[in-house]
Amino acid sequence: NRMIMEIRQELYDHIQTLDFSFFDSRPTGKILSRITGDVNNLKSILENSITTLIPEFVTIVAVVAIMFAKNAPLAAAALCSLPLLMALIWLIERKTHVLWQIRKKKSSNLSAFIHEDLSGMRVVQAFNAESETNEEFARLLREDRGSFMDAVRIADSFMSVIDVCWGLGMVALYFVGIHVLGVHAVSVGTYIAFGTYIGMFWQPIMNLSNFYNQMITNLASAERIFEVLDAEPEVRDGVRAAELPPVQGQVEFRDVTFAYDEGRPVLEHVSFTVQPGETVALVGPTGAGKTTVVNLVSRFYNATAGAILVDGHDIQDVT
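Under the working numbering, think of the first position of the sequence shown as 713, with each following residue one higher.
A hint or two may mislead.
To be verified - Below, a list of computed lysine-lysine pairs in the BS3-like style, where the Cα atoms sit at most 30 Å apart:
#: 1; residue 1: K807; residue 2: K742
#: 2; residue 1: K817; residue 2: K755
#: 3; residue 1: K742; residue 2: K1002
#: 4; residue 1: K807; residue 2: K817
#: 5; residue 1: K742; residue 2: K818
#: 6; residue 1: K742; residue 2: K755
#: 7; residue 1: K742; residue 2: K817
#: 8; residue 1: K818; residue 2: K807
#: 9; residue 1: K755; residue 2: K807
#: 10; residue 1: K755; residue 2: K818
Treat the hints as calculated values from the structure; they're not laboratory data.
Turn these sequences into a full structure, and let the hints steer you where they fit.
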């Protein structure tokens, strides 16, 4: 619980340092799902790791050691299906990892829509758009359910694979004991003991596979968390940044170009100077770049090209 608390706090603290461009490309609902849902998914892995991994692993090692000590050929026959198990699990893991990533994205889209729709309910009702939002919500629900079903169909095949390998191990045990070693070479008691050992071996394998399946399921959540933690703010203090002296009010744009998306400039080669106390009106249609100019003066974004100066100081050279 302490680890979960620290991860969530670190994630929240890091989000505070990210610049506007991070929030431009991610709806609030998607960010919320990272802090709440994805972190909660990690909790189940951390809780089960110690209680599942250590005892089951010790049991497997002990059972294998006893089996080889009693009869090495029978032990090898009983465990001959392990390579097949590992190969099948590897194939399943590759497929399910991708499917769970898709499922997390669909779930995140649903959370983002719910947040934006409810926070903007006045706008929805003002434009009589209830039916459209209902249809959109139903579509997102279907996608979320469909992605979950696709992932679960593959993920739940873990148990079937283990059952098949378990059965193959039993068949190989009796085949080697009867046809290879000979009917009289192995006692009935040894067969009964090995049948018990095989059950003691495969049951922990089944429990570990459940944990592995759960880990794969929630690995997509971990990737989404660290995707945010690894995001670096584009707007940051330079190495020699100094504090801006008391502002007089002169603002100068020198051949400034800026684009929110690469290749689609909002401002191109803009130059002007505003003296202290002077009032300037920025006029133009929506999308012309009026708000962008103010955002650049405040350095919520870095200019793509050119320089912006306040009282002669380049704002990229101040804190």
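Structure-based check of each hint:
About 24 Å separates the Cα atoms of K807 and K742, which keeps this hinted pair within 30 Å; it holds. Of the supplied pair hints, the one linking K817 and K755 holds, its CA atoms being roughly 19 Å apart against a limit of 30 Å. About 28 Å separates the Cα atoms of K742 and K1002, which keeps this hinted pair within 30 Å; it holds. Between K807 and K817 the alpha-carbon distance is near 16 Å, which keeps this suggested pair within the 30 Å criterion.
Between the alpha carbons of K742 and K818 the distance comes to roughly 10 Å, so the proposed pair stays at or under 30 Å and holds. Of the pairs offered as hints, the one joining K742 and K755 holds, with about 19 Å between alpha carbons and a cut-off of 30 Å not exceeded. This hinted pair checks out: K742 and K817 have alpha carbons roughly 9 Å apart, not beyond 30 Å. Only pairs whose Cα atoms come within 30 Å are accepted, and K818 paired with K807 is accepted, the gap being roughly 17 Å.
Restraint check for K755 and K807: satisfied, since their Cα atoms lie roughly 24 Å apart, inside the 30 Å limit. Distance restraint check for K755 and K818: the Cα-Cα separation of roughly 21 Å lies within the 30 Å cut-off, and the hinted pair is therefore satisfied.
Going down the numbered hints, you'll see the structure goes against none, and every one checks out.
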